[in-house]
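Visitor: Heads up: the protein sequence lines correspond to chains A and B, in order.
Residues 9 to 301 (the working numbering) are what the first sequence spells out, left to right.
Residues 131 to 551 (the working numbering) are what the second sequence spells out, left to right.
These are computed hints drawn from the structure, not numbers from a lab.
Heads up, the beta-carbon is just placed ideally off N, CA and C, and yes, glycines get one too.
Please note that a few of the clues may not be correct.
What the hints assert, rightly or not - Pairs of lysine to any residue residues, derived as SDA-like cross-links and limited to a Cα-Cα distance of at most 25 Å, are as follows:
| no. | chain 1 | residue 1 | chain 2 | residue 2 |
| --- | --- | --- | --- | --- |
| 1 | A | K288 | B | I417 |
| 2 | A | K288 | B | G412 |
| 3 | A | K288 | B | W458 |
| 4 | A | K288 | B | I413 |
| 5 | B | K248 | A | K106 |
| 6 | A | K288 | B | G411 |
| 7 | A | K132 | B | G489 |
| 8 | A | K106 | A | L291 |
| 9 | A | K159 | B | N246 |
| 10 | A | K288 | B | Q492 |
| 11 | A | K106 | B | I487 |
| 12 | A | K288 | B | W141 |
| 13 | A | K288 | B | N167 |
| 14 | A | K256 | A | R93 |
| 15 | A | K288 | B | K421 |
| 16 | A | K288 | B | S346 |
| 17 | A | K288 | B | K533 |
| 18 | A | K110 | B | K533 |
| 19 | B | K533 | B | W141 |
| 20 | A | K159 | B | F461 |
| 21 | A | K106 | B | W458 |
| 22 | B | K248 | A | P147 |
| 23 | A | K288 | B | A333 |
| 24 | B | K248 | A | E294 |
| 25 | B | K421 | A | L291 |
| 26 | A | K106 | B | V514 |
| 27 | A | K106 | B | T501 |
| 28 | A | K288 | B | E485 |
| 29 | A | K288 | B | H234 |
| 30 | A | K132 | B | Q492 |
| 31 | B | K248 | A | D150 |
Said to hold, decoys possible - Simulated coverage check for chain A against chain B, where a stretch passes if three residues somewhere in it have a Cβ under 8 Å from a Cβ of chain B:
| no. | segment |
| --- | --- |
| 32 | 104–111 |
| 33 | 242–255 |
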Amino acid sequence: MPTDAQRRIGGVPMSVERKVTSQALSRRELVERLFGAGASALAAALSGGASVASLATAPPARAAVQDGGIPTKRKFRYGMVIDTRRCVGCRACVVACKAENKTPPGVSYTVVVEEAVANRFDEKPIFMTKPCFHCENPPCVDVCPVSATFKRERDGIVVIDYDRCIGCRYCITACPYGARYFDFGEDYAPVAARTAYAAVPSPEYGQFRPRTGSSPVGNVRKCTFCLHLQDSEGRYDRKAGRWPACAKTCTGHAIFFGDFNDPESEVSKLVRERQPVRLKEELGTEPNVHYLL
Amino acid sequence: MNARGLKRLFWVAGVTLFGVGLVGWYDRLTQGLLNVNFSSVVPWGLWEAGYIYFIGLSAGSFLISSLVYVFNVKRFEGIGRLAVFTAIVTLVLALLMVWAGLGHMPRVWHVLAYANFKSPMAIIIWLYSSYLLLLVAEFWLLLRRDLVAGAGEPGFRGTVYRVLTLGSRDLSEAAARRDRRIVRVLATIGVPLATIFHGGVGALFGVVAARPHWHSGMFPILFLLSALVSGGALLMVITAVFQDGWRANRETLLALGRMVLGLLLLDVLFQLSEFLIAFYGGIPSHIAGLKLIIGGSFWFVFWWWQLLLGTLIPILLLVLPTRKDPRWASFAGLLIAAGFLGVRLNIVIPGLAVEEIRGISQAIASARMTTNYFPSATEWLVTVGVVGLGLLLFGVGELLLPKEETSASGVMPISLKRSFP
């Protein structure tokens, strides 16, 4: 059964894993949860219709998002190694992310913070580009009252189900790294003025939602490692340009992206051979973004 | 001012605040969250502070009502029903406050349907949904006999009573005793329920390790204690104004004053412990929030509002001979109840208004990325409207609901003493 998201993107093949539940499915799920299997069976028996029966037996939408929900060894463990010595503070990553994800004002999935260093021979501060760290133990996920945000089983990317999120912002308070942003519904002038630019939807999650005032307005938003650029297997391809926008555009090649499960990946080698640090290790979140100082 | 004058003030204030508040609600419902001043750095603000304030008042006044219905404390019998009514009204206000803050207000049912019980927020929402039902059931049982007695009256009041009886016609003493028994069971269930959910509201903040200002085992305990203090203080005010006012409830009011004083001193002790331990340790992230409280841009909330008006003056009023005057005592209650809004603001905002990553608020130029937070007009108006609604609900309750120990149609009042042999 095609979801709304699939319909919206037309002929482009998108994997079900990437979809976040559509509103229609959520409602059905509600009915299932409220009345349990007995009610579904009763409904099927009463109507005798095949459509109701198929609805009742279809797998829940969220299971599809979480790859069946069975804890299996993860296929990929995507992460980054960011070399702050290579970073010149040009903020091309911030702009590239904006262009890719069409984020509104005040929402920036990656930012560059800078800190002056004392007793340095030149004036260069430390620049630190900071996307979501897609932690191994994400504290934002546990606090969500409706399980709208979760860590994907297949690749460990922490995502948000825009149709389920109620916008309570508890996850923003729980993230120790300031990686989450609330979409208050503000727009850049060309979008607000409904110019041609406004007609280009964000490709986030492969959902291509038009900016109409409904979700993701009123939702918490965050970096997705540009997962809409994955193929159906969940792989990125740098040569084909299917690579997180910030890493793709980085002028100094300071942002290394890859799969920590692959011992031969660039990021695995960097973590193995250099001495990277992670932020706030004391919290036990185990971020998947490492920094070289 | 006499009790009648106080009541008139109540009505005027209620209608005005509610009317002004409608402007805020109109803006909230038509513009969404465009005109609020909280941000991605300080994602919670006045509304969430108001939420924990009202939920504390509810838990506190319910726990005080349980002194009557569970622990059989005769001193507070006269305000038992008033306390339960207060618990219902303030719970409704609390839920309105937190609802206004949701990015998707119509999706509030998701919390019940898709509850993630690893989240303290989901747990407490389930708990106070049950608590609301329990309160309503308990309150109905407390009123049932009076409602049945009043149902025969002609006019609007009689009609309302007939609807509220839900078809019950039994005026017998046996039925009244049965009501009391069920009330006792409900109230007994309610005590752990209120304790857990309000402790849970403290835990909602306490579990957030990312915010060192909140991350303390003291939080659930402090929340419970401050609920009792603020709930008791509010009940003092309500007792002075409603029913037969401070003249009739003199002894009850003074007893409440003594209890609130003791609890307030205990609360001060706990707060002091929190400050002293943190400052001795001196870990920068742990004291950042406390530094904001005592010396940030809103230092006066702590020093003037919370400490002077909400703590020192009421303590003096309840210690000095003024403690024997129900008017002064209830004024002290008013100060404490108002002061606790300052306490709530100083829990929510300083915990958030600290950069988690140094420099992040300067990283992009946006009003949604700043540690500075002051509520916008919309936020104030929505809050004012909720307060006004609260006053109106109390007013309607006073007008329509049967009074304690009396009965509209002259039927013998039900003595609580007889109910608990």
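Visitor: Next step is simple, just say for each hint if it's right about the structure.
Guide: Going down the list of hints, with the structure as the test:
With a C-alpha separation of about 17 Å, the suggested pair K288 (chain A) and I417 (chain B) falls inside the 25 Å cut-off, and the hint holds. Pair hint K288 (chain A) plus G412 (chain B) holds up; C-alpha atoms about 18 Å apart against a cutoff of 25 Å. Taking the CA atoms of K288 (chain A) and W458 (chain B), the gap is near 51 Å; set against the 25 Å cutoff, the hint is violated. At most 25 Å may separate the alpha-carbon atoms for a hinted pair to count; K288 (chain A) and I413 (chain B) meet this at roughly 14 Å.
Pair hint K248 (chain B) plus K106 (chain A) does not hold up; C-alpha atoms about 33 Å apart against a cutoff of 25 Å. In summary, the hint linking K288 (chain A) to G411 (chain B) is supported, as the alpha carbons are separated by about 19 Å, within the 25 Å threshold. With a C-alpha separation of about 15 Å, the suggested pairing of K132 (chain A) with G489 (chain B) holds against the 25 Å cut-off. For the hint pairing K106 (chain A) with L291 (chain A), the CA-to-CA distance comes to about 30 Å; that exceeds 25 Å, so the pair is violated.
With a CA separation close to 14 Å, the supplied pair K159 (chain A) and N246 (chain B) stays within the 25 Å bound. Only pairs whose Cα atoms come within 25 Å are accepted, and K288 (chain A) paired with Q492 (chain B) is accepted, the gap being roughly 20 Å. A threshold of 25 Å between alpha carbons decides the hint, and for K106 (chain A) with I487 (chain B) the separation of about 21 Å falls inside it, so the pair holds. Between the alpha carbons of K288 (chain A) and W141 (chain B) the distance comes to roughly 53 Å, so the proposed pair goes past 25 Å and is violated.
For a cut-off of 25 Å, the pair hint linking K288 (chain A) to N167 (chain B) is broken: about 29 Å separates their Cα positions. Distance check on the hinted pair: K256 (chain A) and R93 (chain A) sit about 18 Å apart at the alpha-carbon level, within 25 Å; holds. With a CA separation close to 22 Å, the supplied pair K288 (chain A) and K421 (chain B) stays within the 25 Å bound. With a C-alpha separation of about 18 Å, the suggested pairing of K288 (chain A) with S346 (chain B) holds against the 25 Å cut-off.
Of the supplied pair hints, the one linking K288 (chain A) and K533 (chain B) is violated, its CA atoms being roughly 58 Å apart against a limit of 25 Å. For the hint pairing K110 (chain A) with K533 (chain B), the CA-to-CA distance comes to about 61 Å; that exceeds 25 Å, so the pair is violated. Between K533 (chain B) and W141 (chain B) the alpha-carbon distance is near 18 Å, which keeps this suggested pair within the 25 Å criterion. The straight-line distance between the Cα atoms of K159 (chain A) and F461 (chain B) is roughly 53 Å, outside the 25 Å bound, and the hint therefore fails.
Taking the CA atoms of K106 (chain A) and W458 (chain B), the gap is near 60 Å; set against the 25 Å cutoff, the hint is violated. Annotation: proposed proximity of K248 (chain B) to P147 (chain A) holds, straight-line Cα distance about 11 Å (limit 25 Å). Proposed proximity of K288 (chain A) and A333 (chain B) is supported: the alpha carbons are some 22 Å apart, at most 25 Å. Annotation: proposed proximity of K248 (chain B) to E294 (chain A) holds, straight-line Cα distance about 19 Å (limit 25 Å).
A C-alpha spacing of about 23 Å is found between K421 (chain B) and L291 (chain A), which places the hinted pair at or below 25 Å, so the restraint holds. The straight-line distance between the Cα atoms of K106 (chain A) and V514 (chain B) is roughly 38 Å, outside the 25 Å bound, and the hint therefore fails. Annotation: proposed proximity of K106 (chain A) to T501 (chain B) holds, straight-line Cα distance about 23 Å (limit 25 Å). Between K288 (chain A) and E485 (chain B) the alpha-carbon distance is near 14 Å, which keeps this suggested pair within the 25 Å criterion.
For a cut-off of 25 Å, the pair hint linking K288 (chain A) to H234 (chain B) is broken: about 32 Å separates their Cα positions. A threshold of 25 Å between alpha carbons decides the hint, and for K132 (chain A) with Q492 (chain B) the separation of about 17 Å falls inside it, so the pair holds. Distance restraint check for K248 (chain B) and D150 (chain A): the Cα-Cα separation of roughly 6 Å lies within the 25 Å cut-off, and the hinted pair is therefore satisfied. Only when three residues or more bring their CB closer than 8 Å to a CB of chain B does the claim for the segment 104–111 of chain A stand; here the count is 0, and the claim is violated.
By the rule of at least three residues with a Cβ nearer than 8 Å to a Cβ of chain B, the coverage given for the segment 242–255 of chain A is violated, with 0 such residues.
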